[in-house]
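From just these sequences and the hints, can you work out the full model?
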Amino acid sequence: GSMVGLEEEALLPEDPNLIKGALRNGLRYSILRNKVPPKRFYVNLEVHAGSIDETDDQQGLAHFLEHMLFLGSDAYPHPSDIRKVLTRLGMSQLADANAYTDFRSTVYTLSAPTYGSSQ
1 GSMVGLEEEA LLPEDPNLIK GALRNGLRYS ILRNKVPPKR FYVNLEVHAG
51 SIDETDDQQG LAHFLEHMLF LGSDAYPHPS DIRKVLTRLG MSQLADANAY
101 TDFRSTVYTL SAPTYGSSQ
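For what it's worth, this note's numbering labels the leading residue of the sequence shown as 1, then goes sequentially.
No wet-lab data here; the hints were simulated from the structure. Only true hints are included.
Here are the simulated SDA-like pairs of lysine to any residue, each with C-alpha atoms no more than 20 Å apart in a straight line:
no. : residue 1 : residue 2
1   : Lys35     : Asp96
2   : Lys35     : Leu18
3   : Lys84     : Ser111
4   : Lys35     : Asp15
5   : Lys39     : Tyr115
6   : Lys84     : Tyr108
7   : Lys84     : His67
8   : Lys84     : Leu110
9   : Lys39     : Leu110
10  : Lys39     : Arg88
11  : Lys20     : Leu45
12  : Lys35     : Pro16
13  : Lys39     : Leu86
14  : Lys39     : Thr109
15  : Lys35     : Leu110
16  : Lys84     : Ala95
17  : Lys35     : Thr114
18  : Lys20     : Val107
19  : Lys84     : Phe70
20  : Lys39     : Leu89
21  : Lys84     : Ser73
Simulated restraints on C-beta separations:
no. : residue 1 : residue 2 : range
22  : Glu54     : Arg33     : 35 to 41 Å
23  : Leu61     : Asn34     : 29 to 35 Å
24  : Leu18     : Tyr115    : 21 to 27 Å
25  : Leu71     : Leu18     : 32 to 38 Å
Yeah, the Cβ is synthetic: ideal placement off N, Cα and C, and Gly gets one too.
Structure, rendered in structure tokens:
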């Protein structure tokens, strides 16, 4: 239930280097520098919408929408287009760009090489 998050916060100390905030549109973020493995950038985008939010006639919709991210958009209308973008960025689909849907959320994970100075 909702108490699980509160219990976890009470039990797990927060890293003092964690940067947290929120954008004007309500998107909350947390940033923590990760040095291992070196020269990699990791993003986890957690959308608080999962299968528990679906009605009976919507079953599977959250999972379907998760897959739609990788199937195309107006800018990249074909699935091969997004694969080309990922390749150009030094990424591969599934290994470096993936997602999953559970009861309470849909999580998108991205990992890419970093370029330039970390300063």
